[in-house]
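Protein sequences appear in the order of chains B and A.
In terms of my numbering, the first sequence opens at residue 1 and continues consecutively.
In terms of my numbering, the second sequence opens at residue 1001 and continues consecutively.
Rather than coming from a laboratory, the hints here were simulated on the basis of the structure.
Treat the hints with caution; some may be incorrect.
[To be verified] With a Cα cut of at most 27 Å, we get these calculated DSSO-like pairs of lysine-lysine:
id : chain 1 : residue 1 : chain 2 : residue 2
1  : B       : K110      : B       : K38
2  : B       : K110      : B       : K34
3  : A       : K1024     : A       : K1036
4  : A       : K1051     : A       : K1036
5  : A       : K1025     : A       : K1058
6  : A       : K1070     : A       : K1036
7  : A       : K1111     : B       : K38
8  : A       : K1031     : A       : K1070
9  : B       : K38       : A       : K1058
10 : A       : K1025     : A       : K1036
11 : B       : K34       : A       : K1058
12 : B       : K34       : A       : K1111
[Stated by the list, open to error] Short derived list, chain B residues pointing at chain A, Cβ under 8 Å:
id : residue
13 : I5
14 : R8
15 : I10
16 : E11
17 : L14
18 : G91
19 : V100
20 : E101
21 : A102
22 : V105
23 : R123
24 : D127
All C-beta atoms in this analysis are idealised placements derived from N, C-alpha and C, irrespective of residue type, glycine included.
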Amino acid sequence: MGYNIGVRLIEDFLARSNVGRCHDFRETADVIAKVAFKMYLGITPSITNWSPAGDEFSLILENNPLVDFVELPDNHSSLIYSNLLCGVLRGALEMVQMAVEAKFVQDTLKGDGVTEIRMRFIRRIEDNLPAGEE
Amino acid sequence: MTVHNLYLFDRNGVCLHYSEWHRKKQAGIPKEEEYKLMYGMLFSIRSFVSKMSPLDMKDGFLAFQTSRYKLHYYETPTGIKVVMNTDLGVGPIRDVLHHIYSALYVELVVKNPLCPLGQTVQSELFRSRLDSYIRSLPFFSARAG
């Protein structure tokens, strides 16, 4: 969910922010947190818990605007309400040749202190010539 | 000074849009073939430029010119490519190509849920806005040859 939003949103993001291509995943993390989240949600998550290899990090959202006035009903207590964000991140990064995995680790709706999204870099997607051309 | 024609490609090499203004000579091959030829050349020149670059490449390939025309190239990190052919009198027009991407393509195609991505743009509004934007450019002149 959210994937198709990401695919289109990245174009808007590039058109408005004039950010160039990132050189490494750390720069990508910075741009996501400081430019993209600020632009679309008005918040700046902090980046922590880098894995030693530098291919995984966590985005910590102190307050998540998507869950203002939201509480989970008892019979849906396992619902990942803001999972949309993961799809958006995955879709947007895929369009700039980065395959990533995004998932919720902590969620304030479930009683955690903060909301945490874990991002993992999988691989770079290489451009290929379309089939049928030499 | 004048604008000859404009191609818009996506990252998969699909020609999203083509329009021409003062093009006196055609390539003599079907349009589909022409798009493929153009995209193939851009693809090769892009990888050539980045392989041969003696310094860390920043924006990459921007333009080339022959004795008769100049090809301007702009690419976004998402692989959208804007290609415009003009005559030799036109200087760097990166901002113009960026405007076509950000104010026309993104606004009228990407943000229009009825426009599927990755196919030729059918939007009449996009075509007409693009046409009037190109015609309003200072270096667009109907009389030039």
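Status of the hints after comparison with the structure:
1. B/K110 x B/K38: Given that 27 Å is the threshold and the Cα spacing comes to 24 Å, the pair holds.
2. B/K110 x B/K34: holds (26 Å)
3. A/K1024 x A/K1036: holds (21 Å)
4. A/K1051 x A/K1036: holds (22 Å)
5. A/K1025 x A/K1058: violated (34 Å)
6. A/K1070 x A/K1036: Within the cut-off at roughly 19 Å; holds.
7. A/K1111 x B/K38: holds (20 Å)
8. A/K1031 x A/K1070: Distance ~20 Å between A/K1031 and A/K1070 Cα, so the pair holds.
9. B/K38 x A/K1058: Holds. B/K38 to A/K1058 sits at ~26 Å (cutoff 27 Å).
10. A/K1025 x A/K1036: holds (18 Å)
11. B/K34 x A/K1058: holds (22 Å)
12. B/K34 x A/K1111: OK: B/K34 and A/K1111 at ~23 Å, within 27 Å.
13. I5: For B/I5, the interface hint is violated, since the closest Cβ of chain A sits about 11 Å away, which is over 8 Å.
14. R8: Constraint on B/R8 satisfied, holds at 5 Å.
15. I10: holds (6 Å)
16. E11: Interface hint status for B/E11: holds (4 Å vs cutoff 8 Å).
17. L14: holds (5 Å)
18. G91: Since chain A brings no Cβ nearer than about 11 Å to B/G91, farther than 8 Å, the hint is violated.
19. V100: violated (15 Å)
20. E101: violated (20 Å)
21. A102: violated (18 Å)
22. V105: violated (28 Å)
23. R123: violated (17 Å)
24. D127: At about 7 Å, which falls below the 8 Å cut-off, the nearest Cβ of chain A leaves the hint on B/D127 intact, so it holds.
When the structure is compared with the earlier hints, violations turn up for hints 5, 13, 18, 19, 20, 21, 22, 23 and for no others.
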